[in-house]
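Generate the whole structure from the sequences, applying the supplied hints.
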Amino acid sequence: MKLSVRKLHLPEVLSNHQKEVVTMRKKSKKKAQSVEEESVPAADEAPLRRSKTFDSIRSEDDGARPERKKSMSSFEKKNAMFHKLFKLIPPNEDLTDCFHCALHREVPYHGKMYISENFVCFYSSILKETKVEIPVTAVAVLKKQNTALLLPNALSVRTTDGEKFLFASFRSRELSFHALKRVCVHLEVSSSISVYLYTLLLYVFITLHFSESCVGSSGTT
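Take 1 as the starting number for the sequence shown in the UniProt record's numbering and just add one per residue.
Because the hints were derived from the structure by calculation, they are not lab data.
You may find that some hints are simply not true.
[Claimed, not checked] Quick list of in silico lysine-lysine cross-link-like pairs, PhoX-like style, CA-CA up to 25 Å: (1) Lys87 / Lys144; (2) Lys144 / Lys131; (3) Lys143 / Lys87; (4) Lys128 / Lys77; (5) Lys112 / Lys87; (6) Lys112 / Lys128; (7) Lys131 / Lys143; (8) Lys144 / Lys181; (9) Lys84 / Lys128; (10) Lys181 / Lys112; (11) Lys164 / Lys181; (12) Lys112 / Lys144; (13) Lys78 / Lys131; (14) Lys143 / Lys77; (15) Lys78 / Lys112; (16) Lys112 / Lys84; (17) Lys77 / Lys131; (18) Lys84 / Lys143; (19) Lys143 / Lys112; (20) Lys112 / Lys164; (21) Lys144 / Lys164; (22) Lys128 / Lys78; (23) Lys77 / Lys144; (24) Lys112 / Lys77; (25) Lys131 / Lys112; (26) Lys84 / Lys131; (27) Lys128 / Lys181; (28) Lys164 / Lys143; (29) Lys77 / Lys87.
As the structure is a prediction and not an experimental result, all values here were calculated from the model.
Structure follows, in structure tokens:
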């Protein structure tokens, strides 16, 4: 039995090897392209998604706007009621603050304190209609007071005519006190002047007393 042996020349071997390399490269390139096509969706199929940050900001703004409008409309109603109750107040006098409280007289009259730039007013319709109008310039003394000697929930107002008003049952006395102080700026000025005058008089008294002591001691010698 004879075996046929084919002789392969070197150029032929190299040519076959190059063909195999080219074929393998083409296959790997096609495989890579197919993987990329599967991983990247088509542009027309990609869904448009809204930013979560934008959604949260929009939802907060949408929630805040009605609340802001509601508070503004509520304050406008209080301002309108302020002018309806106190007709002597000029129309251009806008309300700055409004607080629930009670005016203490023979009995507590629960109502509201209305504060504007030039007036401190109070109105109550419980038991009987009660109105108080105090020009800011007529306020001589503004103090914090306690009701029943214990509860720190009252403010007293004394006018230049000597009339005294005691307002109590504030939900927040500090807020009410500072709101009154903001409009009663003359009290701060008078307080500063009083402190200055007291300091000046004390200085004069000490100086005179020291001078008299020096004169007395020199006379005895």
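Hint-by-hint comparison with the structure:
no. : hint            : in the structure
1   : Lys87 / Lys144  : violated (29 Å)
2   : Lys144 / Lys131 : holds (22 Å)
3   : Lys143 / Lys87  : violated (28 Å)
4   : Lys128 / Lys77  : holds (23 Å)
5   : Lys112 / Lys87  : holds (16 Å)
6   : Lys112 / Lys128 : holds (14 Å)
7   : Lys131 / Lys143 : holds (21 Å)
8   : Lys144 / Lys181 : holds (12 Å)
9   : Lys84 / Lys128  : holds (18 Å)
10  : Lys181 / Lys112 : holds (18 Å)
11  : Lys164 / Lys181 : holds (17 Å)
12  : Lys112 / Lys144 : holds (18 Å)
13  : Lys78 / Lys131  : holds (16 Å)
14  : Lys143 / Lys77  : violated (30 Å)
15  : Lys78 / Lys112  : holds (10 Å)
16  : Lys112 / Lys84  : holds (14 Å)
17  : Lys77 / Lys131  : holds (19 Å)
18  : Lys84 / Lys143  : violated (29 Å)
19  : Lys143 / Lys112 : holds (19 Å)
20  : Lys112 / Lys164 : holds (18 Å)
21  : Lys144 / Lys164 : holds (13 Å)
22  : Lys128 / Lys78  : holds (21 Å)
23  : Lys77 / Lys144  : violated (29 Å)
24  : Lys112 / Lys77  : holds (14 Å)
25  : Lys131 / Lys112 : holds (10 Å)
26  : Lys84 / Lys131  : holds (12 Å)
27  : Lys128 / Lys181 : violated (29 Å)
28  : Lys164 / Lys143 : holds (11 Å)
29  : Lys77 / Lys87   : holds (16 Å)
Hint check: violations occur at hints 1, 3, 14, 18, 23 and 27; the rest are consistent with the structure.
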